[in-house]
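**Q** Given next are the chains, with one letter for each unit.
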Amino acid sequence: MSHRSDVPHPSEMPRPNDVPHPSEMPRPSTADSTTPAPPLHMPGSAPGRSWAAVRARLEREGHVVVTATWGEWLTAALTDPALRPLLGRDWQRYRRTENAVARYRFVTSRMLVKHTAAAVLDTDPAALELAYRIGGRPFLRGFDQLDVSLSHTGDLLVVAVSRTGRIGVDAEPVDREIPFGVLGRRMCTPAEAALLAGLTPELQARGLLRLWTLKEAYTKALGQGMRLGFTEFGFGDDGTPVTADGSPAPGGAWAFTTHPVLDGRYLVSTACQDTGLDPARDLTARTMLDPEFTGAVRTARDREPGGPPRRAL
Amino acid sequence: MNRPPVTTPRPGRPEGGAPLLAAAQQRAARLEALLGDPRDPANPHSSAALAAADTRGAPPEPTEALLGEAGVGAECVPVAAGGLFTRADLLLAALRPVFRRDLALGLGAAPLAAAAPVWAVGDARQRRRTAQLLLNGGRLAVVTGELAHANALTRGGPSAHRARDGWILHGRKDLVRDAHRAGAWVVHARTAPGRSVFLLEPGLLPADAVRTLPGAPASGLRGTPLSALEFTHCPLPADTLLGRPGQGTALALRTFQLDRCLVAGAAVAAAETVLRLAAHTVFAGRDTRTVRRRHTALAPLFADLLACDSMATVALRALSLPAGRTPLTTAALSQVVLDVLRENLEDLIGVLGTHGHTPGSAHAVRDKLARDLPHASLGHTGTAACHAVIVPQLRGLAAHSWFRGAAPPPALFRTGADLPELKHRLPPAADGGDLLSAALLSSAERLAHVPRADGARTVLAALARAFTGELHELRRRCTALPDAFDPAAVVLSDRFALLQGAAAVLGVWEGQDGTDAFLAEPAWAVLALSRLARRLGITAPAPPEDCVTQVLDELARRGRSDRDCALDGGAPTY
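The listed protein sequences correspond, in order, to chains A and B. For the first sequence, counting from 1, position 154 maps to 154 in UniProt numbering; every step adds exactly one. For the second sequence, counting from 1, position 205 maps to 205 in UniProt numbering; every step adds exactly one.
The set of hints was computed from the structure by calculation and includes no laboratory data. Quantities reported herein were computed from a predicted structural model and do not represent experimental measurements. Ideal Cβ placement from N, Cα and C applies to all residues, glycine included. Do not rely on the hints blindly, as some may be mistaken.
[As the list claims (entries may be wrong)] Label-pair ranges, simulated between beta-carbon atoms:
id, chain 1, residue 1, chain 2, residue 2, range
1, A, 229, B, 56, 28 to 38 angstroms
2, B, 465, A, 96, 20 to 30 angstroms
3, B, 42, A, 286, 53 to 63 angstroms
4, B, 181, A, 198, 48 to 58 angstroms
5, B, 562, A, 202, 21 to 31 angstroms
6, B, 34, A, 198, 52 to 62 angstroms
7, A, 200, B, 562, 46 to 56 angstroms
8, A, 132, B, 355, 27 to 37 angstroms
9, B, 216, A, 132, 32 to 42 angstroms
Just need the whole structure built from these sequences, with the hints factored in.
**A** Set out below in structure tokens:
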């Protein structure tokens, strides 16, 4: 989705300690640990313990990143008798995509989003509608307790979900080179460029790819409608975004993470917002309608002379 | 089932709408003049001064004092109780200058939702005390009950049980806005059965049974600080109860409804400031060709703001209609307004870039509103409560109301037209009717007869047809909903809300009397409705290029001359 095929790439993998420090994000149960947890790999749709890990991570940390390869989900997608209702309004787009690989990536990424969301909301994936904002940002219609972002490149699928605010995720293959020339300068703030200029080509490339994925993730989190120029904001040493003139970047408190995934073949960065509301940890669909409100509405509805017969929800 | 049309306002009421609107606008002009130029650094009520208070997490004291002296507290006291309140849309019109400057300042000065239970079911003494408090510039805090999927702002709360000569209140609410400086608290408490609401005056409670503690620092609406309120087996006299025991859920629903509409209207006013500043920044000194070439991205945001203003205005005006249909309409419209505004504030980051971030700049005002908005809207908890109002009605609406009900009175959509006063008595929460879907069908029917040659109107007609088609689809899917809770109903509730939004936009466009030539033209409605169609993911015609240009040119005109960028369109009066 965020895939920019014109971007080439560094030869060496960023180590986990290159990862920016998570900033203002509340992380109650990981207070003792400064390293953000790596993405969870979900090689299929079988229910069970693995989804419990996704739910637990989301409850504990406020967001979770799930990875898979499209190959791991393809059989499940193609043999799912309910694929059409599952894809819903994406069905036509799926059918229209002529390139087979693109079609498989499309269908499996939608499977991964819906199964992840359904596991968290404790509902049937086909009951959910994956819709798109005008700028292209995907969202789960009606369920704003979850913000979602997805990215795919090569054989990798990544889905990020958050309950604390906007989230954006971006993935790039580590062997994609971003030359520290014209392109590099076009995506860096002067401060970033100055920092990178003093490094060896290897470290430069590594740093550039990290910056690229972080910037992609952040602009995706802010909405993809009108992209913020990559030189409009940069990442300081502490990992917090700052604008080119040094003021804090818009959008409130953010946490950023970068991780290697799939045996280090890809780099995944996540930008996660915290709107400061400390939202409910219970995200399930069935508990979201206030029972007293629905009760009062139903009582009033049924009291109405000539109104509809009494019924449950 | 066929329903009689909603009673239209009786003509010739002495306190009729137009004079009332003029009076509210006069009060607004006075406030605007008192608050002065927000960009003047020497003005103690400037954007920069309000932002500085917000940064400190402290109330902007000079501005609050000014509002107190101006008698703003009277705005949410009903006329019958000695105040100025007649209708929710007029409250917003009168306080617009405050909301334009700071959401927290306005919401704190006009605690309509907090006071609503008192006006709805309070006895003579309770009404008198509350009126006195607000008329004298005092503050009223509300301890809301916990809602499903509660966040930090709504979590927890006390419960009450009966004692020999009253009640015992026990428990804690962590975050209560303005609790430490309020002259009275309206407390929603769990009781058996259900919930009950109490009106408490802190000074009359035993000091050792109540504690007000500093709350956690907030990340939004920082001008009205949060406190924790802790009751320890606090005895309450019987006469602190508002209404009857167990009436709390109905009162909470009403409180939520009023709060939600007011927040939506206030958020539109605040977002107008951001768009106006952005337009001024982007357009000042640039010629029309440059604007058209480089800044078309602002046109849809302007159309959306006009749409949000239409929806919020219709929601606030719907509160004056006598039937119990309004919770459905207000829940839907407020939800769409708050969602669209949040999205557009994010889009503005891309338009503005990040340079020029100085106090009082479009960037700074945008950032502050983006922080405030989730706190005012309550985020997911607020949306979920809206779904809780809509979802139980969907199947009944599909079976009995859609394509059968009567359209609302045209006055609902005409901002200058007369409406009955808002009745604070508790209305039935739902009566199975749906005003706006009927209005949508009427609009579509009228538009079906426009001549083909009229380009923009033809597109508008096609959009109205697309929304009508979606209502058919919605009926099909809602009819198929099972008895038990089905998560698909929440998805349909969201789709329903967008259709209500489309109906409000069409209604407000049709309700234009031609005074404002731009609003009377279909361009803005075409652009706004095509965006609502895209939000629904339905197939609809794209807006013609000249519609976009017309909307953009109007924004440029308003931006250059510093005119209001919402429906009002007026020039500043300071």
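**Q** Work down the list of hints and note, for each, if the structure agrees.
**A** To see whether the hints hold, each was checked on the structure:
Distance hint for residue 229 (chain A) and residue 56 (chain B): a CB-CB separation of about 32 angstroms, consistent with the stated range 28 to 38 angstroms. Between residue 465 (chain B) and residue 96 (chain A), the C-beta spacing of about 25 angstroms keeps the proposed range 20 to 30 angstroms intact. Residue 42 (chain B) and residue 286 (chain A) have their C-beta atoms about 57 angstroms apart, which keeps the hinted 53 to 63 angstroms range intact. For residue 181 (chain B) and residue 198 (chain A), the Cβ-Cβ distance of about 55 angstroms falls inside the hinted range of 48 to 58 angstroms, so the restraint holds.
Between residue 562 (chain B) and residue 202 (chain A) the Cβ separation comes to about 54 angstroms, which falls outside the hinted range of 21 to 31 angstroms. Judged by the Cβ atoms, the range 52 to 62 angstroms given for residue 34 (chain B) and residue 198 (chain A) holds: they are separated by roughly 56 angstroms. Checked against the hint of 46 to 56 angstroms, the C-beta distance between residue 200 (chain A) and residue 562 (chain B) comes to roughly 54 angstroms, which is consistent with it. For the hinted restraint 27 to 37 angstroms between residue 132 (chain A) and residue 355 (chain B), the CB-CB distance of approximately 30 angstroms keeps it satisfied.
Remark: the range hint 32 to 42 angstroms for residue 216 (chain B) to residue 132 (chain A) is upheld by a beta-carbon distance near 36 angstroms.
Of the numbered hints listed earlier, the single one contradicted by the structure is hint 5.
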